[in-house]
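Turn these sequences into a full structure, and let the hints guide you.
These protein sequence lines are chains F and X, in that order.
In terms of the working numbering, the first sequence is residues 476 to 782.
In terms of the working numbering, the second sequence is residues 476 to 782.
Mixed in with the good hints there might be a few duds.
Examples of chain F residues toward chain X, derived with CB under 7 Å [as the list claims (entries may be wrong)]:
| # | residue |
| --- | --- |
| 1 | Val514 |
| 2 | Pro697 |
| 3 | Val735 |
| 4 | Met776 |
| 5 | Val777 |
Treat the hints as calculated values from the structure; they're not laboratory data.
We put the CB at the ideal spot given by N, CA and C, even for glycine.
Number of protein chains: 2
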Amino acid sequence: MSLLVVGSVALDSVETPEASRDEVLGGSASFFSAVATLVGPVRLVAVVGDDFPEEHVEFLGQCGVDLAGLQRAPGRTFRWKGRYLPDMVGRETLDTQLNVFEQFDPQLCQAYRDSQYVFLANIHPALQLNVLRQVERPKLVACDTMNLWINQERETLEQVLRQVDILLINDEEAALLSGRRNLVQAAARMREMGPSQVVIKRGDAGAMLFDDNGVFWVPAFPVETTVDPTGAGDSFAGGLISYLAHTGDLTPSGHRCAMVYGSSVGSFCVEDFSLDRFRTLTLDEVMSRCRAFHDLVHFEMVELTRQ
Amino acid sequence: MSLLVVGSVALDSVETPEASRDEVLGGSASFFSAVATLVGPVRLVAVVGDDFPEEHVEFLGQCGVDLAGLQRAPGRTFRWKGRYLPDMVGRETLDTQLNVFEQFDPQLCQAYRDSQYVFLANIHPALQLNVLRQVERPKLVACDTMNLWINQERETLEQVLRQVDILLINDEEAALLSGRRNLVQAAARMREMGPSQVVIKRGDAGAMLFDDNGVFWVPAFPVETTVDPTGAGDSFAGGLISYLAHTGDLTPSGHRCAMVYGSSVGSFCVEDFSLDRFRTLTLDEVMSRCRAFHDLVHFEMVELTRQ
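Structure (C-alpha cells):
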C-alpha cells in the first residue's frame, strides 16, 4: 500500500484549564502521519519555515514518516494558538499565523504520484484539487475541510467533493455545508455531492459513518483524563485511512473497523499534549482499546412481549 | 411485577423552529408511565389541578396507566413553557408555573406500598425521601434530579442517593453534583454516593451506564426528523425501568438491554409533540428499532500487525 497525506505541519500553543504548552509540534498532517506509521509507511507533503525545530523533523522521521515531501520555505512556520473551555470540548482560537503555509503549493515528486490512498487534510480546496491532478488513479481519496472554505470557496470545494470517496467533517461544518442541522439529512445531502462515505466527527460524542449500508456510530472512548484534545480529529483520520490502506478492505465492514481503529487512536491522542502520546503508543495498545470499544457498545437484546 | 412512578403531570407549551403547541400533555410521570404501559401495568402518583383536561386522564387510562394515585387538587395544573434552539438540543425555559405541584405531597395508598420497582422522577428530594419511607422493600429504586435540587437541597438529595440503585442524570447535572467535568470521574464519584448504577443522559449523544461491569454506551438513534425533544429523557427512563421491571433481569447484561430499549423508546418520543407518538407506537416498532441499534454499533474487529 502507499498512503499520502497533504496538510499542515505547525507549531501549536495550547492552553487548557490545567496546563499550557508553547510552540509544540502540531498540524493536521503531523498527527495524521505519526498515527499512520503505527501500521506502515506514509508519505507526507507539507511545508515548514526555516525556524522549524530539527527535533520535530527527527521525531517524524523516527516514527517512519517519509519526509521527502516536506518542503522548507524561507520564513516562519504556520502557528496556531488556542484555549480550551472547562468542558475540554469547546475552544477558542487566540491566534492564527499562516506564515509559509499561505504560499504552500503542494508539489508531488514523481515517486508519490502513484499513491493509492490519499488524504487531503484541511487545506484550501484549490490546493486539494491541485494534489488530485497530480496523483494517478488512487484507490481511495479522503478529505477534510473547514468553515472558512465552505463559506468562501464553496464552488472549488464542491469540485473536490466530486472526486472524493470519503468526506470527514465535523457536525458544525456538516450543517454549514449541507444546510441541514439533522445529521441524517446532512449526510444524505453531502453524499449527493460526491463522497460515497461521509464521516461526521462529533467530538466527545464520537463519529458517525454514513454509507450505502446505513449508519455506523462509534462512540468517543470514555477516557478518564483529557489533557489536550488538539489533533484528536486528525489522529482519528490518520487511524481511519491508514487502517483502510493497510488492510485494503474497502467493504462496509472494513470501514466500520477503520472507524473504531481511528476512534481508538484519537482517544489516545487526547491523553497528552501535542503528539507526545504517540512517542510511546504501541499498536498493541490501540488494538486492545479497539476490543474495549466492543465491550463499550455490546449488548444482546432479549425480545419482550406485553404482559 | 409492580412498577411505581412518582413525578409530574403537566401542561407544556413548546416552541420549535418549525412549529409550536400550547398546553399539551407533559410532565415526567406522564411520559414515563405511558412508555411503561408498552410492556405492562404501571402505578402513577402525581397531582393535577381542577383545570386538567379530562381527555388526558382518559388517554393515560386507555394506555393502561393505573390512575388511583393521580391526585386532583383545587387550583391550576403545573405548567412549563419552553423554546428549542435551531439545533433542537439546546432549549430555554420561558415560563414555569408550579401551581398545584408546589404543594404536592405524594401519598401512597396501601395497594401501592408493595411496589417492587420504583422510579422517583425529578421532584423535590424531600418528597422522594417521603415516597421511599412509604414503600416496603422495593427490589429496585431509581431516581432523577435537577440542577435546582443539587444546588439548593444537596444534603436531602444525598440522603435519597444513599437509598437508590440507579441514578439517572444528565451530563450538566452530573458535573454539578460530582464536581467533575470528566464523565468517568463524575460517574465514579456519584457511585460513591450510593447508586450502584449511574446513567448519564447525554441528549443527542446518547446515554452511558456506569456500573461494576464498566461502561456501556448506547447512542441516540439517528432519527431523520426531530419534531419535539420534550420528554425524551423521561421516556428513556420509562423504557429503561419498565424493561428491568418486566424482565426482572437485574444482571449487567439486563441493564444493557434496558438502556437500549430506553433509548429506542426515547427516539420515538421526539418524532412528535407531547406524548403523541405513543398514541400509535407498538412494542414491535420499539423492538425493531432495538435491532437497528445493534446494526448501528456492530463491528467485528480485524486485528492488525505492522507492515
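Each hint, compared with the structure:
Given the 7 Å rule on beta carbons, the hint for Val514/F holds: about 6 Å separates it from the nearest Cβ of chain X. Proximity of Pro697/F to chain X holds as hinted, the smallest CB-CB distance being about 5 Å (cut-off 7 Å). Checking Val735/F against chain X: minimum C-beta separation of about 6 Å stays under 7 Å; hint holds. Among the interface hints, the one on Met776/F holds; its C-beta lies about 5 Å from the nearest C-beta in chain X, closer than the 7 Å criterion.
The closest approach between the C-beta of Val777/F and any C-beta of chain X is roughly 6 Å, which is under the 7 Å cut-off, so the hint is satisfied.
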